[in-house]
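There are 2 protein chains.
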Amino acid sequence: MKVVIAGLGTVGRGLLKALSKKKSELWRAYEFSPKVVAAVKSDGAFLDENGLDPASVVSSLDGRGYEEHSAWVSGYTALEAIRDLDFDVLVEATPTNVESGEPGLSHILTALEREKDIVTSNKGPLVIAFEKLMEAARERGRILRYEATVGGAMPVFSLVEKCLRGNKITAIKGILNGTTNYILTRMTYERVPFDIALKEAQELGYAEANPSFDIEGIDAACKLVILANAIMGIRAKLSDVEIVGITRITPEAIELAREDGYLIKHVAQIEEGVLEVSLRLVDEKSPLAVGGTLNVVSVSTDLAGEFTVIGRGAGEETVSAVLNDLIDIWLERRRALAR
Amino acid sequence: MKVVIAGLGTVGRGLLKALSKKKSELWRAYEFSPKVVAAVKSDGAFLDENGLDPASVVSSLDGRGYEEHSAWVSGYTALEAIRDLDFDVLVEATPTNVESGEPGLSHILTALEREKDIVTSNKGPLVIAFEKLMEAARERGRILRYEATVGGAMPVFSLVEKCLRGNKITAIKGILNGTTNYILTRMTYERVPFDIALKEAQELGYAEANPSFDIEGIDAACKLVILANAIMGIRAKLSDVEIVGITRITPEAIELAREDGYLIKHVAQIEEGVLEVSLRLVDEKSPLAVGGTLNVVSVSTDLAGEFTVIGRGAGEETVSAVLNDLIDIWLERRRALAR
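Protein chains in written order, with our numbering: chain A, 1 to 339; chain B, 1001 to 1339.
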């Protein structure tokens, strides 16, 4: 199976690392031995039609001398790779843009036109054009997987699809952004004011220099849109989500809630077709009462009752979701792609 | 696909209900239309080689007039059904016996000898003879699934197998018994003494008249043995588990822990090959800090970090796990079993 990786941030680089480190295990467990024929950054690409050595790409990236790598082609773009190379699966891991979905959206559509399967960790294209992408994949008989887009390492979509067969999902509730959960946790347990907690989150690398995407609830709302479309068949857009951020919360309100056995959490939920991201009281005994940067997703089902998953919502752990998607495609296509 | 259901307690009866209620959905989603050719109780069986009407069996069981049902054969046993009938999958849902594994063990072994696939919700056979059963299934090329045996409705095994591909599981920690979690939760938040909390649990139907299987930690240890064998490849037996029950805990100890931000929980864990069920301090912000009758399983993985699932550990929700296993077998075998 030949793979193009577009984007060499945490996820793209982490995937190369995992493929290198787990080479023999992946072969033993699944006879899975992908060839990465292109690994593309914003300023160029590592190219090898016989398959790159992932370890050497990672170490040259870590060492900052990547332009010296023998496979490096300066200025070569992901779109060129997707248009011109011989490959089977695109891993789309470029940065999220929820206004245009680009460049991920064009990457995915172009790859689908060329009848390639897709694994994306990039939310942008799905938030902008979920239905269009699924339709394009269906038309071409391609697999489009996106486990990493919501909840990072937590396998929410494959869990519902493969482990809760026969269940109807009636509602979803979750904490979908680790930065805001970190801030609220600090405010709750250490009585730190909002501004200080935010500054800490930035210093620890959880929050961006411009944190509004997180603290205004946009990131959580994007993930909710994907959950609504993928799991509940609701054709929602970002503009359909009622969003309240966490900026106006005070330590006093948190303290008052706590005295009654409640926490204030930034909860994203889908209930009776309504999508909302807002501050809510959560019982301290509830599965949603999880602290730190953790993410949580609770699904209400008709057979299994309420079922909750908790895990790392961001960072290098997200590679787990991308790798699981990639192996899934391999297992589905192995007869055709055994090369 | 022809199914024999052995055992018509909560799970067996719940499965019949779900098959009846979800008939058209299961067909639409998976073209799955199983025929239940036998549904066996301890005193007889409902038999129909063309497939029973599940709804009529359930309503005659609920109405206590089941001996009048036209398909009822008094005295007919599960072993007879497994030996003599034409079927494809055995659903083994008889009561758990962790001393002999019987009658479930003989049911499963006999069915495997006849080259049938198996779904079991009965822990007993797996606790007694995990390796032997897996080996027997492998030899005959059969599928043996057991999602319902640990964590009730929580899909722990399929989750690890299908949603965390490529991950190595390095440790497991969980709350595997809802009764003890209920008792500890009542003691923690309502300061109810142990005896009273136990009595409440019995009155609510969570605990048996003889509650020692739960409160001494045996039930949790059995589940831990299955997790160790199935997920971590540790060939552990029940006698390998260090077990401490919850009977000696006092409200004072719970109160002291709580003042420092900790809860006392009955935790089952596998770490560095050691299996333990014991009382532990759990941070109130931790995913294990879940109250009521809920079950929790946290797996530590090399790629995805720590990942936790929380759900209904017992009761009718368990049917979800059995149904998922059954559909999985159908999807795997559909070409052969399309009848």
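No lab work stands behind these hints: they were computed from the structure.
Don't take each hint at face value.
As the list claims (entries may be wrong) - Estimated spans, in silico, between C-beta atoms of each pair:
id, chain 1, residue 1, chain 2, residue 2, range
1, B, D1302, A, G65, 20 to 30 Å
2, B, E1099, A, D240, 52 to 62 Å
3, A, T170, B, S1239, 19 to 29 Å
4, A, D302, B, S1212, 46 to 56 Å
5, A, E190, B, S1042, 15 to 25 Å
6, A, L85, B, T1110, 29 to 39 Å
7, A, E242, B, Y1030, 46 to 56 Å
8, B, K1199, A, T170, 33 to 43 Å
9, B, T1247, A, D240, 12 to 22 Å
10, A, E272, B, I1196, 18 to 28 Å
11, B, L1256, A, K168, 22 to 32 Å
By construction, the Cβ of each residue, glycine as well, lies at the ideal position given by its N, Cα and C atoms.
- Query: Can you list which hints this structure breaks, lowest number first?
  - Reply: Numbers 3, 4, 5, 6, 7, 9, 10, 11, in rising order.
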